[in-house]
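Colleague: Mind docking chain B on chain A? Use the hints.
Protein chains in written order, with our numbering: chain A, 1 to 270; chain B, 1001 to 1170.
Worth flagging that the hints you see were computed from the coordinates, not collected in a lab.
Watch out, some of these pointers could steer you wrong.
Facing chain A, a subset of chain B residues (Cβ under 8 Å, in silico) [to be verified]: (1) TYR1036; (2) GLU1068; (3) THR1070; (4) THR1083; (5) ARG1085.
Just a few of them, taken from the derived set where beta-carbon distance is under 8 Å, the chain B residues facing chain A [unchecked claim]: (6) ASP1066; (7) ASN1067; (8) LYS1071; (9) LEU1073; (10) LYS1074; (11) ARG1077; (12) TRP1080; (13) GLU1086.
For glycine and all other residues, C-beta sits at the position ideal for the given N, C-alpha and C.
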Amino acid sequence: MTKHLKKLALLAASLSLLAVPAQAHRTWLLPSATVLSGTDAWVTVDAAVSNDLFYFEHHPLQLDGLSIIGPDGKAVTPENVGKGRYRSTFDVKLAEPGTYKVMVLNNGVFASYKLDGQAKRWRGKADQIATAIPANATDVKISESRGRIESFVTSGKPSTDTLKPTGTGLELVPVTHPNNLVVGEKATFRLVLDGQPAAGVAVEIVPGGIRYRDKLNDTKVTTDESGTFSVTWPGPGFYWMSASVRDDKSTIKNAQRRSSYAATVEVLPQ
Amino acid sequence: MRLLISAALTTLTATSSLAAEAVISVDIPQLNVAEYHKPYVAMWIESADGGKITNLAVWYDVKHKDNEGTKWLKDMRQWWRRTGRELTMPADGLSSPTRAPGTHQLTFNSAAKPLDGLTPGSYQLVIEAAREVGGRELLRVPFEWPPKAPATAQAKGESELGAVTLKLTP
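Only chain A is shown next, with the shape it has when bound in the complex:
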């Protein structure tokens, strides 16, 4: 049992080095601004894996799964993409007025098994799993991970087309526009899993600036029947919202599935 736990811990540690993060670390995107005016609007976005929000102190976020959708639904190409010791960074030109969604998707599969009494580990993509594990392997444990990390940026008047869910994985459907958040006002969001309401899911909301206070000051809410949850912002600043769902509905046979979501939103003063 102890050995098993140790193995799990090791597994978690190795996962944290991957794009798929372990629970202990937070993955996030941090835009330089979320509400912009003017004709030549740009944002620069930092992307990192860290303990404290929003500080670069652990790993840069892998940007292999980065994509940006503009107000017209078309993909926007990130510019000046770079990777540093503690953070990744890229720029987004907001050529058209409206709302942009910046997202990093991490989909992967992890497997552990025994072969001739030897413990083996494998990680890769869902379509490789069929051939990855030898037929004579025993004690096969497979887990599929689907992660989505997002942030939202608006130039001029907010638009809503980009906020529609894709129907895959755990996603946030804003009822309150994510670039229209103000201290003291209630904001409402919905969580959907593969497009269906994600009911009874715990959502953690953590304000940034952790380094300069003793308490985490996080808020925990649970989604209702329709996947809806609300939050009244106690103060201005960037907030990190995250949730995850574990189930056995993976398309991979006998696999556990973890779908996770994290978003960074900015709350402005009144």
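Modeller: The following block gives chain B in isolation, referenced to the frame of chain A:
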């Protein structure tokens, strides 16, 4: 023909004699700072429930090349959220250049835009100032429209705005 003209004249006279006037005076304070930029200022009228917005004036850096002065319009964040982000700047009759420290006066007539659309009720005059490398301040002056008797209402700023006076004449 003569009858028509006289009828038109009567209408004109009637309108002007019924017209109420709103005079807003705004103090932009002189500040002793190393780097001074004249503030961006937005003035608007809000219905008591905040639902209806009537824009009065927006002072911003209209002379900046390629309309780049619009980049900082969002710093007047309350105005930006309420109405600014819905507008295209510069806007005729609304936007004008930033103003130097001193007292500035604006006069609005109930018979003309933008006050001609103001239905009777309780309102607030809202004025918001945001200064580059400086601060931001927002003041509210409640009033009733249309005025039944001459009235003066005032608010006083602490940092980016001085006294704001609203004078109403029936």
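Colleague: Taking the hints in turn, state whether each one holds.
Modeller: Here's how the hints hold up against the structure:
1. TYR1036: 22 Å, violated
2. GLU1068: This hint holds: GLU1068 (chain B) lies near chain A, its Cβ roughly 7 Å from the closest one there, short of 8 Å.
3. THR1070: Constraint on THR1070 (chain B) satisfied, holds at 4 Å.
4. THR1083: Nearest chain A Cβ about 10 Å off; hint violated.
5. ARG1085: 5 Å, holds
6. ASP1066: 7 Å, holds
7. ASN1067: 6 Å, holds
8. LYS1071: It holds, given that the least Cβ distance between LYS1071 (chain B) and chain A is near 3 Å, below 8 Å.
9. LEU1073: 4 Å, holds
10. LYS1074: 4 Å, holds
11. ARG1077: 6 Å, holds
12. TRP1080: Since chain A brings a Cβ to about 7 Å from TRP1080 (chain B), closer than 8 Å, the hint holds.
13. GLU1086: At about 6 Å, which falls below the 8 Å cut-off, the nearest Cβ of chain A leaves the hint on GLU1086 (chain B) intact, so it holds.
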